[in-house]
Every structure is written in C-alpha cells, then in structure tokens.
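Novice: Since chain R is already given, all that's left is putting chain F on it; use the hints.
These protein sequences, in sequence, are chains R and F. So in numbering that gives the first Met the number 0, spot 299 of the first sequence is number 298, and the numbers just go up one at a time. So in numbering that gives the first Met the number 0, spot 131 of the second sequence is number 130, and the numbers just go up one at a time.
Be a bit skeptical, because a hint or two may be false.
Restraint-style ranges between C-beta atoms, simulated for each label pair [what the hints assert, rightly or not]:
#	chain 1	residue 1	chain 2	residue 2	range
1	R	Leu264	F	Ile76	30 to 38 Å
2	R	Ser157	F	Leu115	24 to 32 Å
3	F	Leu209	R	Phe172	45 to 53 Å
4	R	Glu61	F	Asn95	43 to 51 Å
If you're looking for bench data, these hints aren't it; they were derived computationally from the structure. Note that CB positions come from ideal geometry on N, CA and C, so glycine has one too.
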Amino acid sequence: MTIPYGFIFQFIQLIMALVLSPMFLGWINQCRCWLQNRKGPGVFQPYRQLVKLFYKDAVLAENASPLFRMTPYFLFACMCLAGTIVPVLATNLPFASVADVIVLVGIFALARVFLALAAMDIGTAFGNLGARREMMIGFLAEPALLMVLFTLAFISHSTNLTTIVDTLSHTRFIIYPSMAFAMAAYLMVLLAENSRIPVDNPSTHLELTMIHEAMMLEYSARHLALLEWASSIKLYDYFVIGFALFVPWGIASGSHLSSMLLAFLALFIKLAVAGFGLALIEALSAKMRIFRVPEFLGTAFMLAVLGTLTHFLLEA
Amino acid sequence: MIPLSSQLLNLLAALFLLISFAMLAQRRILSLIHLYACQGLVLSLSALIVAYSTSQSHLYYSMFLNFALKVLIVPWILHRLIHRLNVQWDVETLINIPTIMLLGLALVIFAFNLSLPIVHLAGTINRSTLGIALASVLLSFLMMITRSKAVSQVIGFLALENSLIFAATSITYGMPMMVELGIALDVLVGIFILGVFFFHIRNQFDSLELKHMEKLKDN
Chain R
0 MTIPYGFIFQ FIQLIMALVL SPMFLGWINQ CRCWLQNRKG PGVFQPYRQL VKLFYKDAVL
60 AENASPLFRM TPYFLFACMC LAGTIVPVLA TNLPFASVAD VIVLVGIFAL ARVFLALAAM
120 DIGTAFGNLG ARREMMIGFL AEPALLMVLF TLAFISHSTN LTTIVDTLSH TRFIIYPSMA
180 FAMAAYLMVL LAENSRIPVD NPSTHLELTM IHEAMMLEYS ARHLALLEWA SSIKLYDYFV
240 IGFALFVPWG IASGSHLSSM LLAFLALFIK LAVAGFGLAL IEALSAKMRI FRVPEFLGTA
300 FMLAVLGTLT HFLLEA
Chain F
0 MIPLSSQLLN LLAALFLLIS FAMLAQRRIL SLIHLYACQG LVLSLSALIV AYSTSQSHLY
60 YSMFLNFALK VLIVPWILHR LIHRLNVQWD VETLINIPTI MLLGLALVIF AFNLSLPIVH
120 LAGTINRSTL GIALASVLLS FLMMITRSKA VSQVIGFLAL ENSLIFAATS ITYGMPMMVE
180 LGIALDVLVG IFILGVFFFH IRNQFDSLEL KHMEKLKDN
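The following block holds chain R by itself, in its conformation from the complex:
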C-alpha cells in the first residue's frame, strides 16, 4: 500500500495556513512596535485574542438575518480554500490543479461580496459606509490584480499557479523586467486588499475612517473571532501568492521529506522578511484620504499594464 503523501502534505499546508497566519500577523505587529520604539505584545498575542473571543457569548442584533450569521463561517472557508490552492510547500499537490489564479481572484471576490452584504444586513450607518468603501476598493484593485496575474501567465504560458511556480523556479534564472512592474503593482494591491496602512488602518478606533473594521462592528465573540482569523489568513494567502509568483525558490517539486523541510524553512524566512518589510512600509507611510485611493490603485493598474506591455516589448 502506498502512502498518499500528496494528501498528507495538502493537509499540512491547510493546517499551516490556519496556525501560521495569526502568528504572522503577530510578527507584523511586533515589528511595527519595535519600529515605533515600543515593546510590543509578542508574536502570540493574536492567538490570545482569538481564544478570548471564542470563550465569549455571541450577541446578535434583533433584525439580523441568517446571512449575517452565516458570513463568518463562509468567509473563513473561502480563505482556507484559497490557502490550499496556492502552492506553499510543494507544487504537485492534489488540490493545486483544481483551480487557477483567476478562480483564486474569484474566491476573494465572493468573500468580499458576502462580507459587504453582511455589513449592510443590520442596517447601521457604519456598516453601510464600510461596505461601500470596501466595494469601491475591491472594484479598483481587482483589475490590477488580474493584470498582474496575466503578466505572470504570459511569462509561463499558463494561468495555473503550479505551472507558474515550476517555470520560474525550476528553469534557468532569467531576469524578467516585466516582473518588476508586476511586483510593484502586486504590493500596492496587497496593501489595499488587506486594508493595511496607506489605504486603511487595521488598528484604528475611529469609525469615520474605518473600512474593513467598519464592516465587522456588529460582530461579537466567535463570529468576530472567525472574521479576524479569516482576515489574517487572507493576509497570509496574499503573501504566499506573492511568494509563489515572484520568489518561488525553495518550493519543493517532489514530495520528499527533505525538500519539504527545506520548503518549510524557506517559507519561514520569506514570511519573516516580508512581515518586517510590511511593518516598515506601514511605519513609514501615513494613511491617505479615501479619495486618494482611486489614484493609488489606478497607479497599481497602470503598473500592471506596463508590465504586460514590457513583456511583449522586451521578452517576447
């Protein structure tokens, strides 16, 4: 009897998305504290918060519909699914061939629609406001994200993430100038989609400037915990997609234990460096006005299109 290594590693990858994502968030917060000359709560603070929230009793508004109660579970499932599709440790996993990058963008869009609907469901002003802002950012960020992915798809002649990773990491190293554009655009989309600082402040307490937090104002206890967890998995997902697209070195192609360990180590280092980088960006920049966001994401879209164009000019 052969052991189905593929499924085991697939399972490990899912567990890693669940377990590592709060720690990754904690690491980013910790780095931000260091950069601001504060001591910081430690890397494990998000776990403590999740545990605390899970022990509390949920309070629901009287006019909440089933959609409102369903959304946290749905969102959590969407992000977990996205985390399993991306090749984090190895490329030849059974789930990887299920969907390509366009489906991945679709999953994120689906999650966003549900969250926005749930935010509008209760009918409070802040929920409405947050949902509208989120949809505005979403419709500006998605074309940019798709263009980035198309640039990479042009380079590797496939929209499947595993093929993209394989072409980039397991062939000879070539400098792709279009990747520089795509990377800059992807970073901007990442900041906008995960409501990080230049676009939205994840730790704000001022309702008027909230985007992501405003949508979750009515949630409490286990629902809130799931939503927080889901958004940290989303951040993790975006980072591992970025790693798969731009720095795929270290991701194993077979399912040997040694190459897996190497892939795990590489992922850990990449996450640590990228988390510090994100904290640095957040420490150095100020949150911009909401009307500057179209400008910001318009630039991201332009960079992504430029990437595609330079691919045809310089690399075709």
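Specialist: Chain F in isolation, oriented as in the chain R frame:
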C-alpha cells in the same frame, strides 16, 4: 537564450520607464529632483553595461559625462535653485492623476508600436529598449504639458533630454563625442539661463506659476 548583459539592460530600461512614470505623478519638487538624479544614474549604468559588453571605449566617456552632469551637477544646481527660490517644500496641485496615467499608458502603447519596425533595422544589443526610450520622450512631453510650475517644467525638459540620450544609446551606441559634449554643454548653460529666468519670473509675477504669463499677451 538572452545573454545576461541584455537582460540587465532590459531591466534598466524598465526602471527608466518606471522612473518616467513616477516623475509624471510626483507632486513634490524635491522628490522630482531626486527622481531626475535616479534617472540619470540608470542612464549612465546602462551606458556602462553597453560599453563593457561591446567594448566601445567612447561610451565610457559618455557614461562619465552623463554621470557627472545628470547625477551630480544638475541636481545640485537644482537643489541650490529651489533653496534660493524657497520653493523646496512646494506641492503642485496636479489635477486628476489617474487620467494623466491613462494618457501616459496610451503614449507608451503608441511608442512601443512605433518602435517595432525601427528595432528590426538596428543591430545593437539593446535595440529592444528603443520603444521604452521613445515612450519616455513622450512621457516627458506629457509632464511638461501637465505642469504649471516653472521648475517642474524645466525638470520635464531635462528628463526629455535624458530619454533622447537613452534612445541614442539604444539604437546607435550613442552619438559622436562632439555632439554629446555639445548637448552636455547645452544642458548646463540651459540650466543656468533658466535659473536666472526663475528669478525674473518670480520678480515679475510674485510666483512661479506659469499661468500668470498669460497676462502678457494682451499688450
């Protein structure tokens, strides 16, 4: 398989285009000058790589000239100018950056298409970067059109000259030494004359906004 020098040149060309776009969208005059210096650095680096990989010795001189002039001297003069004019913290009110960006994108597509037939005629190792150089020329034009302040228009003009040199290196390995020296001198003299002009404009209109100059045409 593309050789490494070509790959590096392509990367530098992409950076050049990126800087051109950044200049198009930059509001602060001080950052604009820094971007201009970066563009000069990319230009001289690509000249250095071309010179090394094709062993064209005159390109080394061109590289040194470009580096000295565009990374050190001109930015320094501009720094002094904006200090003396006391406009170093000026922020320009650019209207509608997304529209300008889309316009720039259209220009890039136009330039890329325009350069394709020319590229086939050239035999240089970095001929495919001509499209980018042409695009940067058009983007610098666009920058000069969309700006209302005198200093940023001058920086747009200097960026235009940078892109022209870049185009020249990409298609013919640079111009003859005499021409290049002449251009370098022109830029230097131009900067001095324009610097004097800035003070005159400010004395006359109390501001560096060029829209005030429209008053001149009535008399």
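Novice: Can you name, in rising order, the numbers of the hints this structure does not satisfy?
Specialist: 1
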